[in-house]
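Chemist: Residues per chain, in single letters:
2 protein chains.
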Amino acid sequence: MLEPDVTAVCRISAPVPPLTSREAGSLAEVFKALGDPVRLELISMIAAYGEPCVCDLTKAFDLAAPTISHHLKVLRKAGLIESRRQGTWIHYRAVPEKLAELSILLDGQARTAVLLPG
Amino acid sequence: MLEPDVTAVCRISAPVPPLTSREAGSLAEVFKALGDPVRLELISMIAAYGEPCVCDLTKAFDLAAPTISHHLKVLRKAGLIESRRQGTWIHYRAVPEKLAELSILLDGQARTAVLLPG
DNA sequence: AACAGAATTCGACGTCCTTCTATTTACGGT
DNA sequence: ACCGTAAATAGAAGGACGTCGAATTCTGTT
Chain A
2 MLEPDVTAVC RISAPVPPLT SREAGSLAEV FKALGDPVRL ELISMIAAYG
52 EPCVCDLTKA FDLAAPTISH HLKVLRKAGL IESRRQGTWI HYRAVPEKLA
102 ELSILLDGQA RTAVLLPG
Chain B
2 MLEPDVTAVC RISAPVPPLT SREAGSLAEV FKALGDPVRL ELISMIAAYG
52 EPCVCDLTKA FDLAAPTISH HLKVLRKAGL IESRRQGTWI HYRAVPEKLA
102 ELSILLDGQA RTAVLLPG
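Here the protein sequences come in this chain order: A and B.
Numbering of the first sequence is given in this note's numbering, commencing with residue 2 and proceeding in unit increments.
Numbering of the second sequence is given in this note's numbering, commencing with residue 2 and proceeding in unit increments.
No incorrect hints appear here.
Given that identical chains are not distinguished, each listed pair holds provided it fits within a single copy or across any two copies.
Below, in silico cross-link-like pairs of lysine-lysine (DSBU-like), each with a Cα-Cα straight-line distance of 30 Å or less:
#1 K99 to K33
#2 K74 to K33
#3 K60 to K99
#4 K99 to K74
#5 K33 to K60
#6 K78 to K33
#7 K99 to K78
#8 K60 to K78
#9 K74 to K60
For the record, the hints were derived by calculation from the structure and aren't laboratory data.
Here the structure is a predicted model, which is why all the values come from computation and not from measurement.
Hey, can you work out the whole structure from these sequences and the hints?
Modeler: Following this line, the structure appears as structure tokens:
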């Protein structure tokens, strides 16, 4: 039987400096990739299902196959997902490190905002 | 003298279901708001400076005042910032709860992705 | 009451983005 | 070797977005 994977992460508050325009530029690419309903649903399905193939994902939407392919490409270029070929099918999986990186960044901004203004 | 504000948050892993298309729709609005370099720099400045006025923010960019005003409006409609009038000036502040909400969501997706695919 | 400054709204222009159809590439089975 | 399927690429049409100048609203001051 499997024990539940109990992973815990704890952080303490610390103010974060504002982003440089260079940082903002590359970060915006990632958030822009998440800024579409189809892509958000895609990445959440990929994260939840593990490693679905494109055909599974395409079936879940009322969109043409090239459209899904385009959205997957955007997510992949943003570093949010990776692809693996298995025979005829191509399977996609999420990149947890990238998602965690964004989570930590937003967490830092939230804590900084709560710390300073009073 | 001020004691440092030591706030700690701990979470354990738990798989998260995929987003519904309704959830994805409203979430995409928020991520779309973050998906622009100017807006990202704006919100990070607001979070870092506490409660700057629009004039301070405008001075930090090489953009016309209406452009900054437009970006602030997008961030405000997404629930990421709020405004407060103080005499002639209007001050903006970040909404930490909204930023934390996004952080937790991405964290859940990251943990779900790391849990399932093997 | 009139004015000056801060900020938003309005209207327009150029660009990027989403979506599609048609075509192309790549793998497996017959 | 050929055909069928999976997926990506190319190209095009339509709408959305970022940016600006001009005009508007609101506040405090003279």
